[in-house]
Amino acid sequence: MNADGQVSVIPADAGAAGAEPVRPTESFYQRNEGAIVGSLSVVFVLAIWQAAWSAGRIDPLFFSGPSAIFARLWDGLFGSGDILEHLAFSAQNFATGFSIAALVAIPLGIVLGWYRLPRLILDPFINGLYSTPRIVFVPLIVIWFGLGFASKAFIVFLSAFFPILLNAMAGVRTTDDELLGAARSFRATQWDLFRTVVLPSTVPFIIVGLRQGLAHGLIGVVVGEFFAGSKGIGYLVGQAGMMFKTDLLFACVVIVAGAGIGISAVLQRVEGYFQSWRPSSN
Amino acid sequence: MGSRPNKLVATGISKYFWMKGEPDPIPALTNVTLSIAEGEFVCIVGPSGCGKTTFLNIATGLLAPDAGRIEIAGKQIDGPGRDRATVFQQPRLLPWRTTLANVTYGMELQRKFDKSEIEDRAAHHIRLVGLAGFERHYPAELSGGMQQRVNLARALATDPEILLMDEPFAALDAQTREFMQAELLRIWSHAGKTVLFVTHQIDEAAFLSDRVIVFGTRPGRLKQEFAVPFERPRTLALKRRPDFLTLVDGIWALIEEEGTRAGLVRTAEATTGEARA
Ligand SMILES: Nc1ncnc2c1ncn2[C@@H]1O[C@H](COP(=O)(O)OP(=O)(O)O)[C@@H](O)[C@H]1O
Ligand SMILES: [Mg+2]
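Sequence lines, in order, name chains A and B. Residue numbers in the first sequence follow my numbering, run continuously in steps of one, and reach 282 at the last position. Residue numbers in the second sequence follow my numbering, run continuously in steps of one, and reach 277 at the last position.
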C-alpha cells in the first residue's frame, strides 16, 4: 500500500494477526429466524386452541378445534374423499380462470401501458369495471354461462383480470425514462426498448399483480360457488354453514388458505429468480 | 487546430421548453453556433440551467432543436447515430445487468460489431477503465465512481467517432473525480476520439480540453470561447501551475459576471439588505 514510500499510520505489524477477511457466519437460527419464529407462534396458538377444545370449552355448533378440523380434513381428502371431489372442481375453476386472466391481462396491460391511444380509449371501461365489486356480475354471469364450470371460471377470470392488468400497465408506465433515453442513444429499436428495458423493469409489477389476482381469484371462486351451483369448495362452505358442520367449514377454510399460501410461495420463487440482481437484504 | 477538418458543426441551434401555465417558453438555447475539429477535446462550461444538457441531448439525437441543425462529418443528424456515444450525467446502467452485460449493451443495440468482437471489446474496455475483476458485479454492488466507469466503458466500447459527455464526474467525490479526469485523458490519448465534454467545473474543463466554450444563461446561449494552450500529456500537477490558474480565473470572471447578471450570484449588498429585512 505504501510502495512509494509514503508514511502509513497503520502499524507495520497490523496485518500479522487476524487481518484475513472472514465472511461473517450466521447461525442456523439467524438464517431461519423468520421461519422459526413464525412456526413457533403458530404452534403456540394451535396448542392453546387445542387445549381449550380438549377441555370442552368450545361449543362445536359455533366453533371447532384443531384435532376435529384435521380429522375432518383427512377424511375428506384421503378417507371418504367428499372434500376432494369439491376441491378438484374448484381447482379446475380457479386454474382455468386464473390462467386465462394472466394470459390476457399481462400482454394487454403491457400494450396499454406502452401505447397511449388504446389506453385512453379503454381507461374509462377499465376504471369502471375495476371499481365495481365483481359480485354484482354473478347473476348475469350465471345467466350467460349457466350454473356449472364455465360461469365459475369466468368469475375467477373477472376477479383476477384487473389486478394483473392494472399492475402490468403501471409497471410499463413507470419504466425509467433515463434508461429508455440511454437505450435510444444507442439506436435501440422499439422492440429493443421493450425487450431490454420495459419488460425487465415490469416483471416485479406483474408478479405483484399475479399475487393480487390470486387473492381476488380465490375470493371469486368461493363466492361464485357459494351463490350458484352444487359443487366446489364454496358450495361446501355454504352447506357446512347451514348444517352447523363447523369442522367441515374450517376444513374448507384451511384448504383455501393453503391454496393461497402455496401459490403465493411459488410466485415468490419466480420473483426471486427475476430479482437476483438486487442486493440481498433481510 | 485550424488545419483539421470539422467533425461536428452546430449552426443556429435554438430550443424552447413550454411549461404548463407559463405564457412564455424557457429559452434553453438560443442561436448556438459552434464547431469541433476532428480529434479535438472541447468542453462546454456554464452555470446550471444554461442549456448544456439540452445541447448534448440535441447532439446525441434524443432531442430535436426548434431551429438550427447539427452536422457530423458534413451530414445532418436526424436521431441517434452509430458515429456517436453518450456518457450521461447519471450512470443509467440497467440494474439487472452485470458490468459485463452493461458494457456490451451499447454495442448490442448499435449492431456494429459481431458477437465475438463485442465480447473482446467489452473485456478490453472493462480493463481500460480499471474494472477488471468486477465483470460479474451488478450496478448496485459498485460504488458511484465504478458505475460511472461502466457508463464510460459502455460508450467507448461502441467505438464512437464522437464521444458526448454530460458532467460525467459531477456526482463523484473530489478525489475520485481527479483520478477519473486523469484517466479520461489517458484513454483519450490512446483512442484519439473527438470529445464534447459538458461540465460546470471550470478547472475540469481547463484541465481536459483543447478549447473551453462558455455558455450563458437566461437565455441559454454561447458567450465566449477560450483556447487552452497547455501541452499534452497533462498530469494533475498542471492544476497548480500559475498559467493554469490564470486561465481558470479568466473563465471564472466571465461566469461570475453571467451569474450576477442572471441573479444567480447575489452581491454583498443584496445579501446584507436581505438579512436586515
Ligand atoms: N424537458 C424539459 N422540460 C422543461 N424545461 C426543461 C427541460 N429540459 C430542460 N429544461 C429547462 O431548460 C433549461 C436548460 O436546461 P439544461 O439543458 O438541463 O441545463 P444544464 O444542463 O446546463 O444545467 C433549464 O432552465 C431547464 O429548466
Ligand atoms: Mg445538465
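Do not take every clue at face value.
Cβ-Cβ distance ranges computed for the label pairs, FRET-style [as the list claims (entries may be wrong)]: (1) B:A170 x A:Y130: 52 to 58 angstroms; (2) A:D75 x B:E141: 51 to 57 angstroms; (3) B:P25 x A:Y130: 46 to 52 angstroms; (4) A:A91 x B:P95: 34 to 40 angstroms.
Some residues of chain A that are not near chain B, with every Cβ distance over 10 angstroms (derived) [what the hints assert, rightly or not]: (5) V104; (6) F137; (7) V197; (8) P200; (9) P279.
If the Cβ cut is set under 8 angstroms, some of the chain B residues that face chain A in the computed set are [stated by the list, open to error]: (10) Y16; (11) G68; (12) D83; (13) W96; (14) G144.
Please keep in mind that the hints were generated in silico from the structure rather than gathered at the bench. Think of the CB as a built atom: it goes at the ideal place given N, C-alpha and C, for glycine as much as any other residue.
Going through the hints against the structure:
Range check, A170 of chain B to Y130 of chain A: about 44 angstroms between beta-carbon atoms, so the 52 to 58 angstroms window is missed. At roughly 53 angstroms, the beta-carbon separation of D75 of chain A and E141 of chain B lies within the given 51 to 57 angstroms, and the hint holds. Hint check: P25 of chain B to Y130 of chain A, Cβ distance near 38 angstroms, so the stated range 46 to 52 angstroms is violated. The supplied range of 34 to 40 angstroms is met by A91 of chain A and P95 of chain B, whose beta-carbon atoms lie about 38 angstroms from each other.
Residue placement check: V104 of chain A keeps its beta carbon more than 10 angstroms from all beta carbons of chain B (closest about 26 angstroms). Even its closest Cβ contact with chain B, about 39 angstroms, leaves F137 of chain A beyond 10 angstroms, as expected for a residue assigned away from the interface. Some Cβ of chain B comes within 10 angstroms of the Cβ of V197 of chain A; the nearest lies about 7 angstroms off, and the non-interface call is violated. Residue-level check failed: P200 of chain A sits 5 angstroms from the nearest beta carbon of chain B, not beyond 10 angstroms.
At roughly 5 angstroms, the least C-beta separation between P279 of chain A and chain B is not larger than 10 angstroms, which violates its mark as non-interface. For Y16 of chain B, the interface hint is violated, since its Cβ never comes within 8 angstroms of a Cβ in chain A; the closest pair sits about 20 angstroms apart. For G68 of chain B, the interface hint is violated, since its Cβ never comes within 8 angstroms of a Cβ in chain A; the closest pair sits about 20 angstroms apart. Here the hint on D83 of chain B is broken, as its CB sits about 11 angstroms from the closest CB of chain A, past 8 angstroms.
Given hint, W96 of chain B at the interface with chain A, holds; its Cβ is 4 angstroms from that chain's nearest Cβ, closer than 8 angstroms. Taken as an interface hint, G144 of chain B does not check out: its beta carbon lies about 15 angstroms from the nearest beta carbon of chain A, beyond 8 angstroms.
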